[in-house]
Each structure stands twice: as C-alpha cells, then as structure tokens.
Amino acid sequence: MNLFQPEPRGAHTPRPTLRSDEPQGEVEKGSMALLEVENLSVTYAPRDAPVTRAVQDVSFRIREGEFVGLLGESGCGKSTLGNGILRLLSPPARISGGRVVLDGVDLTGADEERLRGLRWTNLSTVFQSSMNSLNPVLRIEAQFAETFAAHRVGEEVGARVVELLRMVSLDPGVLRAYPHELSGGMRQRVALALALALRPRLVLLDEPTTGLDVVVQRNILDRLATLRHELGFAVLFISHDLGTVLEMADRVMVMYAGEIVEDRPAPDLVREAQHPYTRGLLGSYADPRSAEVRVSYIPGRPPDLSVEQPGCRFTPRCPYAEDACGQRRPELRPDDGGLVRCLVAQDGRLPRTPAGAGPGLPVFVGFPAAAGLDRSADPPPEQAVGDPVLLVDDVTKRYTTRRGLRTTSVDAVRGVSLALRPGRVTALVGQSGSGKTTIARLVTGVERPTSGQVRFTAADSTTEVRVDRLRGRALRDYRRHVQMIFQDPFSALNPTRTVGYALSRPLVNYHGLRGPAVRERAAELLESVGLAPAGQFLDKLPHQLSGGQRQRVVTARALAPEPEILIADEPVSMLDVSIRAEILELLGKLVRTRRLAMLYITHDLLSARLLADEVLVLNHGDLVEQGPTLEVVGAARDDYTRLLLDSIPNPFSAARRPG
Amino acid sequence: MSTPVPAVRAPGADTEAVQVATRVLGRGTRLPGWFVILWRNGKCRLGLLMLAGFVLVAIFAPVIGRYDPRDDDFDTSAGPSAAHWLGTTALGEDVFAQLVFGARTSLVVGIAAGLLCTVIGLVVGLTAGYLGGWLDEVLSFFINLGLVVPALPLMVTLAAYSPVRGLTLIILVISVTGWAYGARIKRSQIITLRTRDYITAARFAGDRTARIIAHEIVPNMTSLIVVGFMGAALGAIGGEAGLAFLGLGDPQTVSWGTMLNQASLGGALLSGQWAWLIAPGAALALLITSFTLINFGIDALSNPHLRED
Ligand SMILES: Nc1ncnc2c1ncn2[C@@H]1O[C@H](COP(=O)(O)OP(=O)(O)O)[C@@H](O)[C@H]1O
Ligand code: SF4
Ligand SMILES: [Mg+2]
Chain A
87 MNLFQPEPRG AHTPRPTLRS DEPQGEVEKG SMALLEVENL SVTYAPRDAP
137 VTRAVQDVSF RIREGEFVGL LGESGCGKST LGNGILRLLS PPARISGGRV
187 VLDGVDLTGA DEERLRGLRW TNLSTVFQSS MNSLNPVLRI EAQFAETFAA
237 HRVGEEVGAR VVELLRMVSL DPGVLRAYPH ELSGGMRQRV ALALALALRP
287 RLVLLDEPTT GLDVVVQRNI LDRLATLRHE LGFAVLFISH DLGTVLEMAD
337 RVMVMYAGEI VEDRPAPDLV REAQHPYTRG LLGSYADPRS AEVRVSYIPG
387 RPPDLSVEQP GCRFTPRCPY AEDACGQRRP ELRPDDGGLV RCLVAQDGRL
437 PRTPAGAGPG LPVFVGFPAA AGLDRSADPP PEQAVGDPVL LVDDVTKRYT
487 TRRGLRTTSV DAVRGVSLAL RPGRVTALVG QSGSGKTTIA RLVTGVERPT
537 SGQVRFTAAD STTEVRVDRL RGRALRDYRR HVQMIFQDPF SALNPTRTVG
587 YALSRPLVNY HGLRGPAVRE RAAELLESVG LAPAGQFLDK LPHQLSGGQR
637 QRVVTARALA PEPEILIADE PVSMLDVSIR AEILELLGKL VRTRRLAMLY
687 ITHDLLSARL LADEVLVLNH GDLVEQGPTL EVVGAARDDY TRLLLDSIPN
737 PFSAARRPG
Chain B
116 MSTPVPAVRA PGADTEAVQV ATRVLGRGTR LPGWFVILWR NGKCRLGLLM
166 LAGFVLVAIF APVIGRYDPR DDDFDTSAGP SAAHWLGTTA LGEDVFAQLV
216 FGARTSLVVG IAAGLLCTVI GLVVGLTAGY LGGWLDEVLS FFINLGLVVP
266 ALPLMVTLAA YSPVRGLTLI ILVISVTGWA YGARIKRSQI ITLRTRDYIT
316 AARFAGDRTA RIIAHEIVPN MTSLIVVGFM GAALGAIGGE AGLAFLGLGD
366 PQTVSWGTML NQASLGGALL SGQWAWLIAP GAALALLITS FTLINFGIDA
416 LSNPHLRED
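Protein chains in written order, with the working numbering: chain A, 87 to 745; chain B, 116 to 424.
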C-alpha cells in the first residue's frame with residue numbers, strides 16, 4: 087500500500103478537524119488560499135541596538151499545492167518572515183502587526199497548544215541548519231518514533247518510516263544510525279522526511295540545500311519536485327540562490343529590505359523581470375558552458391533597516407533611479423501577470439530586456455574584460471605563463487583509521503600531479519569527499535603525502551624546497567609563501583578580535599613590523615581589497631561586517647606576508663550569490679596584478695569558469711579530467727564532469743522545468 | 116518531540132557569541148561586558164546584591180561583630196540579649212561575632228578554592244584539549260577519575276588522615292576533589308574552538324602555540340571560566356561547611372560549619388538556644404541562595420535566548 091497516494095484525508099491519521107473552520111461555499115479546491123499573510127510586520131527591538139523593522143507590511147497568499155519561492159539577498163528578511171509565519175520568533179523579535187491565516191486558522195492569535203497541533207500536521211519546516219539539529223543522542227529511528235508518538239500515530243509506524251525514507255532516497259539502514267554517522271546531505275534528507283512524516287499541507291523550506299554539494303543539492307531538489315507532485319503539498323521555498331528557486335517554483339516573490347518588491351510566475355520572471363533588483367539578481371547567473379560567460383553584480387548592500395528611509399529603498403543601488411525615487415515610496419501594484427514595487431516600471435518606462443538573454447545586464451556593474459572575468463573563447467597569451475612555483479608530483483595520500491581492532495585505509499588522493507604557476511588560477515573541482523581539501527593540506531605542508539613529492543621554488547631563488555619533508559621552523563618559514571583563504575568567512579576570523587589585530591599578526595611575525603607601521607600597512611592591505619576608507623574597518627569586530635566584507639578581510643590577511651601561492655578553499659560558496667561575483671573579481675584581479683599562483687578549490691563550475699585558467703576534476707581521489715577551463719567545461723569528456731555540470735541549477739534552461 | 120525546528124543549545128555551547136556580546140556591551144561602559152549581562156537579569160542582580168552584602172560583612176567583620184569571636188569571657192550558653200544578640204556559646208563566646216567572622220572564612224575558602232579549581236581545570240583542560248594525542252588520553256583518564264570518585268567521602272578521608280589541620284589544607288582538599296568538572300567542560304570547549312578556521316589562520320600568520328592559546332582561544336572562553344569559577348566557589352563553600360560540621364575543619368578558624376558543630380556538641384538543642392543553632396545554617400543557606408540566583412544570570416550569559424534584552 088502506498089501511504090502517500092492521495093486518499094481521503096483522515097483515513098489513517100486522526101487529523102484535527104480544521105476544515106470545519108473554512109469559509110463555506112463552492113470554492114474550487116485548487117484555487118483556495120491555503121496560507122494567507124496579511125500586512126505582516128516583524129520588528130527586532132533589542133535592548134542595545136536601535137529597533138529594526140525586518141519585515142514590513144508583507145501580504146501574499148499561497149494556494150493549495152502551490153510552490154512559491156522567496157528570493158533575496160541575505161539580510162532582506164526572508165527567514166524572519168518564514169519564522170513569523172511559523173510563529174517561531176523569539177525575543178527580541180516580535181510580530182508587530184498583521185495576520186497569518188493557515189487554512190482558516192489565525193496563527194497569529196493561536197496559543198502554543200493549538201500551534202503544536204498544527205505544526206507538523208499542517209505546517210512543517212526544514213531549515214539549512216535542520217541537518218544539525220537532529221537530536222545527537224537518538225538514533226534516526228527514535229526521532230521518527232517520537233514525531234509519530236507526539237501526534238498519536240500509533241499503528242504501522244515501521245512501514246511508514248521506511249516509506250518516508252524511500253521517498254527521500256535513503257536506505258532503511260540509516261534508521262540504526264546516529265545523526266553524526268550520516269553526511270550533511272543524508273541528514274538533510276532525514277530532516278525532510280521528518281518534515282513530511284505527518285503529511286503536512288504546507289512545507290516551509292528555508293535554504294534547505296545551501297552549503298551542500300551541487301550533486302547532493304540536485305538530488306534533494308529532484309526528490310522534492312517528485313514528492314510534491316505525488317503528495318500535492320504546498321511549498322514556500324526560501325533561498326538566496328535564484329538558480330534553485332527559479333528552477334523549482336511556480337511563482338517567485340522577491341524580497342528586498344523587508345518588503346516584497348516583485349511577485350510573478352517563475353517563467354515570466356526569467357523572461358522579463360520588472361523590478362531592477364530582480365534584474366540585478368538574475369545578472370549573477372550564467373551558463374558556464376557558453377562560449378562567452380558574463381556575470382554582473384549589484385554594487386553595495388541592502389540598507390540598514392533601523393534607519394527610516396524615504397522613497398524607494400533600492401534607490402542607492404538602482405541603475406534606473408530617478409529623482410522621484412528618492413522621495414516617493416513605490417507601492418506593490420499589479421502589472422501584467424504579477425506585482426511590482428517600482429515607480430519606473432509601473433509607468434512602463436523600464437527598458438525592456440533583450441528577449442531570451444537573461445544574464446549580464448550591462449546596467450549593473452559588469453566585469454571589465456581586463457579583470458579576467460569576462461571570459462571569451464580565446465586562450466590567454468602563452469608568453470604570460472611562467473615557470474611553476476609549486477609542483478605536485480604523483481602524490482598519494484592514504485589515511486589509516488583504527489576503530490577498535492579493525493583498521494581501514496582510504497586513499498584520499500591517488501597519483502595526482504599538478505603545477506601552480508604565477509599569475510594563473512588552477513581550479514580543483516569535485517564533490518565533497520573527493521580529496522580536494524587533502525590536496526590543499528599537502529600543498530600547505532599540514533599533511534605529508536604517503537608517496538610522491540611536493541616541490542616549491544620561490545620566485546627569486548632557484549633552490550627547490552621539498553614541502554613534503556618540512557617540519558617545525560622550516561615549515562613555519564614556508565607558510566609565509568603559501569597562504570589560505572577559507573570557505574567560511576564567519577569562522578575564519580576570531581569573533582573577539584578586531585580586523586586590525588587579525589591583519590597585524592602576519593605583519594609582525596613575517597615582516598617584523600612594529601608600532602604605527604603595522605597599522606599603516608594593515609590599512610594599505612584593506613584598501614587593496616577594496617575596503618576603503620580603511621580607518622573605518624580597522625577597529626571593527628567581525629560580526630559588524632557583512633559576509634563579503636569579511637571575506638575581503640580574510641583575503642587581505644592572506645596577502646599580508648606577500649605570498650607566492652594562494653590557496654582558496656571554496657571562498658565564495660558561503661556567500662550570497664549576488665556578492666560571489668564581486669569576490670571572484672577581486673581574486674582574479676589580485677592574481678593578475680600580483681602574479682600570484684592560485685589553487686582555487688570549488689564544486690561550482692560556474693565560478694571555476696569565471697576565475698580559472700585551468701581546471702582539474704577530481705573524483706574519489708583520482709584526477710579524471712584536466713585541461714584549459716573552456717575545454718573541460720565546454721566539452722566535458724568524463725561522465726563525472728558532466729554530472730557536475732548537469733547538477734548546476736539553471737534558471738534559463740526551460741528543459742528542466744517540471745510539468 | 117524530536118523536531119528539527121528550534122534546537123536547544125547546550126549551556127556554554129555558544130561561548131563565542133557570548134564573548135562577542137560581552138565585548139560589545141563592554142565597549143560603552145567601563146564595566147566588563149559579562150557583568151553587564153549579569154546585572155540585567157533581575158534574579159542575578161538580587162544574588163549579586165546579596166553577595167555584595169556578605170562581602171561587606173566579611174570585610175567589616177571587626178566593626179559589625181563588636182566582639183572578638185574567640186573571646187570567651189562572657190556567660191556561657193546564654194540566650195539572646197541586648198549585649199549578645201544571638202546569645203553566647205557553651206564556652207562563653209559571642210554567637211553573633213562568630214557568625215560575622217564566619218562569613219570571612221566561607222568567602223575566603225570559596226574564592227581561594229574556586230580560583231585553584233579554575234586554574235587546575237584550565238591548565239589540564241587546555242593542555243588535553245589543545246595538544247590532544249596520548250597526553251589527552253592520560254589527562255582525560257585523570258579527569259574521569261576525578262569525576263567518578265565521589266567528592267565528599269574523598270574529602271572526608273583526606274581531611275581525616277592529614278597530619279595537620281588548617282584552612283589551607285581544607286582549601287587544598289576541596290580543590291583536589293573539585294577541579295575535574297571544570298576541566299572536562301573546558302577541554303570539550305577547546306576541542307570545538309581548536310578546529311575553527313581562525314586558529315589555522317593564526318598558524319598561517321606565523322603565531323606560535325602559546326600565543327594562539329592565550330590570544331585566540333582563551334578570550335573566547337572567559338564566560339565559561341567565570342561560570343566555572345562560580346560553580347567551584349559554591350562547591351567549596353558547601354564543602355568547607357560540611358567538613359567543619361563533621362569536626363574535620365580547622366579548629367583555629369571560626370566558620371559556620373564549626374559553629375554548627377559546636378552548637379550540636381554544646382547542647383544548643385537542650386538549652387533551647389535556637390539562635391545559635393539556626394543562625395549559621397541560615398547564613399549558609401542565604402549565601403548559597405545568592406550563588407544560585409547569580410547562576411540564573413550565568414545561564415543567560417551562556418544562552419543568548421535567556422538573556423533579558
Ligand atoms: N584525517 C582524516 N582521517 C581519515 N580520513 C580522512 C581524513 N581527511 C580526509 N579523509 C578522507 O579522505 C577523503 C577525501 O576528503 P577531503 O580531502 O576532505 O575531500 P574534499 O575536500 O573534496 O571534501 C574522504 O573520503 C575523507 O573521508
Ligand atoms: S523605484 Fe526607482 S529606485 Fe526604486 S527600483 Fe524603481 S527605478 Fe529603482
Ligand atoms: Mg572539502
């Protein structure tokens with residue numbers, strides 16, 4: 087028996103009889119609003135900071151079975167809105183106005199008891215962090231049992247759980263596992279299965295695949311699309327990644343500075359976005375396989391919502407802004423087929439975008455070709471290629487783990503050779519677990535290879551350094567030449583230390599600078615990564631900076647010792663899509679102007695295409711493909727490379743859209 | 116129910132966030148940020164005020180107590196009177212003076228043993244957690260040993276068999292039995308912090324291990340250290356009172372524990388000297404209450420969701 091075939095509701099589960107609250111009448115089921123949000127506002131009123139109005143006067147509806155995307159940069163209020171709908175806000179946040187009505191029940195007025203009954207049965211959720219919030223001391227089995235028990239579903243739990251796991255493509259074997267024994271993608275799928283366990287009618291997904299690998303992400307999204315067709319639940323899908331949102335959703339709402347600025351069916355949005363902000367977001371996408379790849383970004387960041395701002399909030403970043411925009415606040419008004427909040431668009435004066443060409447709207451800052459990010463088909467001039475500074479020669483790294491009496495060994499990397507040259511970017515592409523990080527550890531001397539050599543030759547010398555033999559003092563000296571840019575800008579800076587302190591350490595240790603000279607040089611470094619005026623940043627703590635600014639600080643710190651080699655391990659994967667391009671542009675510029683050799687580690691082929699001269703594809707420790715970027719990306723020969731390419735969400739390919 | 120929804124944080128799990136909050140709060144005032152957070156919590160404020168009261172009493176004991184607590188020139192076993200507010204002991208000492216001086220002993224033991232426990236816990240926890248390897252295994256063995264051996268019987272045994280009696284001994288005995296809990300928490304915290312990218316970054320910036328521990332790790336643990344100190348001090352105060360009540364205390368020192376011991380030996384119950392019997396117990400209970408109240412604020416310190424802001 088398939089439990090999830092549409093059958094009369096309540097046949098198996100004693101469901102709270104909410105349906106009786108529904109308005110009477112001959113309303114067709116498909117067009118009925120399942121969720122109604124009316125003028126919802128949420129404010130954060132912390133004691134030590136000014137009041138922030140994170141969500142302002144938001145209204146929308148979600149129909150039964152509809153898949154709605156909510157898009158916007160981080161800090162625009164998406165998660166606050168989601169938590170407001172779920173009534174999961176905790177102080178200092180509170181709902182300061184409006185209503186949320188789910189299936190006729192006013193959630194804003196409901197008490198905790200009522201909400202508990204509704205959560206999971208009618209409304210459930212998966213967060214980005216859900217995979218980390220499974221109870222660590224309970225087996226997966228017990229977590230399901232608890233969820234069912236809490237809602238008094240007694241019978242047939244076993245069969246039902248297996249069915250749920252099958253739905254998210256997990257083996258029933260995971261039931262015996264503890265959460266930490268599963269990978270991030272598996273845990274996220276468990277979280278999804280739990281969210282669907284009681285067959286909710288609305289599922290709220292908040293960045294459910296952010297931070298996961300492209301292939302895993304693709305897998306989860308495909309499952310989600312199929313399940314939704316089978317089970318017919320409605321989805322509110324929150325993400326900053328417009329690739330996934332546009333690909334999945336029927337209708338997309340774009341949120342900026344706490345307000346909905348555009349609301350439109352997904353295909354229309356891809357074809358002709360009406361709000362300048364949406365157009366800006368779309369510009370950060372491109373197909374890495376095309377001969378010419380051009381991406382753009384919106385300069386600046388969303389405004390500080392604790393400051394009252396007259397007129398349109400997007401004015402400072404908007405290339406279409408007019409005088410009126412600064413004074414008059416646009417309303418969210420219907421236009422053909424959707425809603426838009428822009429004075430110029432409402433007057434029909436917004437220039438049309440060329441049909442079919444989504445990406446690379448020239449009105450936003452585009453990458454100048456010189457910066458190396460507007461890649462055309464011509465290969466770079468050969469004379470620019472210098473001698474390698476680092477050679478990895480037939481390296482194998484075997485990890486042996488002892489667990490009780492059994493020893494198991496894994497080859498994290500097998501027989502890999504590569505060369506890093508000044509002024510060139512070498513991309514190392516592969517899924518997580520493919521051995522990318524291991525290679526970075528071998529290059530930096532953190533690990534030694536089991537066999538093979540790693541050799542370094544400084545630009546101003548001819549003597550070779552055997553990196554695989556360094557220890558102690560010599561290793562410390564070598565590190566001056568090899569620096570790292572980390573994946574997570576939130577963990578790469580000590581939260582209790584100022585930017586100035588972070589930058590001062592390499593200057594003191596490697597250049598022997600003292601006193602005011604340190605501060606002076608630190609300021610220069612900040613300006614070189616585009617943080618100006620530097621004086622304003624030196625005394626800031628990391629949490630006062632945005633993700634992009636932090637990544638710039640991390641880059642400045644890596645540049646401080648004046649290294650020859652820069653290792654960047656997924657430097658943009660944790661950043662908003664809209665600022666990725668900005669950081670990639672900075673890295674590209676630094677490599678070329680300072681003649682750095684860069685090893686760029688990523689699972690994202692679009693960024694590799696934009697930044698790298700050469701691409702190496704790694705699969706389970708083996709190098710499966712290697713060559714100039716355009717060749718590898720444009721005409722992938724290896725199946726695995728093709729899988730990686732196919733996994734990239736692509737809003738512009740109509741072929742993938744289900745239905 | 117196991118909802119993947121709101122994850123409840125383990126206390127002390129988010130020490131970095133706490134540290135950031137405390138640094139931010141500390142910037143505006145000259146007070147340390149952790150104190151600002153504590154002060155804002157109503158219960159904690161009451162506890163801090165009570166504790167301040169005890170500290171003042173301890174400092175000004177000679178003025179407040181009026182008599183020397185060891186002066187036995189008075190009537191023996193007298194009930195409360197204008198001259199002796201809580202009466203006199205069987206030896207003819209002033210009970211009120213003893214009560215006031217007893218606050219000194221409790222606080223000195225609390226602070227000294229609390230500090231000692233914290234220092235031992237920090238050194239052991241830092242070494243085991245940061246260096247790892249066989250050293251960690253050895254130290255963890257001792258930490259676990261310290262955790263499973265029941266503290267009170269060990270304290271009693273150590274105190275009973277030691278050839279000398281004195282406050283220093285009491286402090287040492289309490290510290291030896293009480294450091295392990297803090298060490299375990301600090302060790303696991305370091306293991307979390309050690310894997311942060313900023314530690315790797317510091318190594319790439321050329322910093323040495325000692326500097327990394329002192330400048331990158333410890334600043335992210337100060338609230339944990341304060342929490343540990345408060346817990347250890349509370350345990351020490353209770354431990355001292357217990358040992359003294361069992362007659363294993365320092366006979367030269369006036370403390371609430373010795374008072375209770377003398378009161379029961381001196382027949383306070385028979386002579387109906389309720390004040391003598393109740394006062395030291397009540398004082399101890401009040402001091403413990405003040406620590407418990409402060410702990411409410413400390414929970415808020417380690418769990419931002421409980422903070423009253
Ligand atoms: N310290 C280690 N001990 C045991 N196995 C490891 C260790 N580090 C990595 N591995 C294994 O090596 C393989 C490659 O891992 P990694 O280099 O981290 O890949 P990636 O960077 O692509 O995520 C994985 O199978 C992983 O389990
Ligand atoms: S109202 Fe003006 S500033 Fe705002 S988005 Fe439209 S054109 Fe830009
Ligand atoms: Mg990795």
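Keep in mind the hints are simulated off the structure, nothing from the lab. Some clues are possibly wrong.
Said to hold, decoys possible - Partial list, computed: chain B residues near chain A (C-beta under 7 Å):
{"#": "1", "residue": "Glu131"}
{"#": "2", "residue": "Arg138"}
{"#": "3", "residue": "Tyr245"}
{"#": "4", "residue": "Gly247"}
{"#": "5", "residue": "Gly248"}
{"#": "6", "residue": "Asp251"}
{"#": "7", "residue": "Glu252"}
{"#": "8", "residue": "Arg309"}
{"#": "9", "residue": "Tyr313"}
{"#": "10", "residue": "Asp322"}
{"#": "11", "residue": "Ala325"}
{"#": "12", "residue": "Ala329"}
{"#": "13", "residue": "Asn335"}
{"#": "14", "residue": "Thr407"}
{"#": "15", "residue": "Leu408"}
All C-beta atoms in this analysis are idealised placements derived from N, C-alpha and C, irrespective of residue type, glycine included.
Inset, instruction - Enumerate the violated hints, using their earlier numbering and listing them in ascending order. - result: When the structure is compared with the hints, numbers 3, 4, 5, 6, 7, 8, 11, 12, 14 and 15 turn out to be violated.
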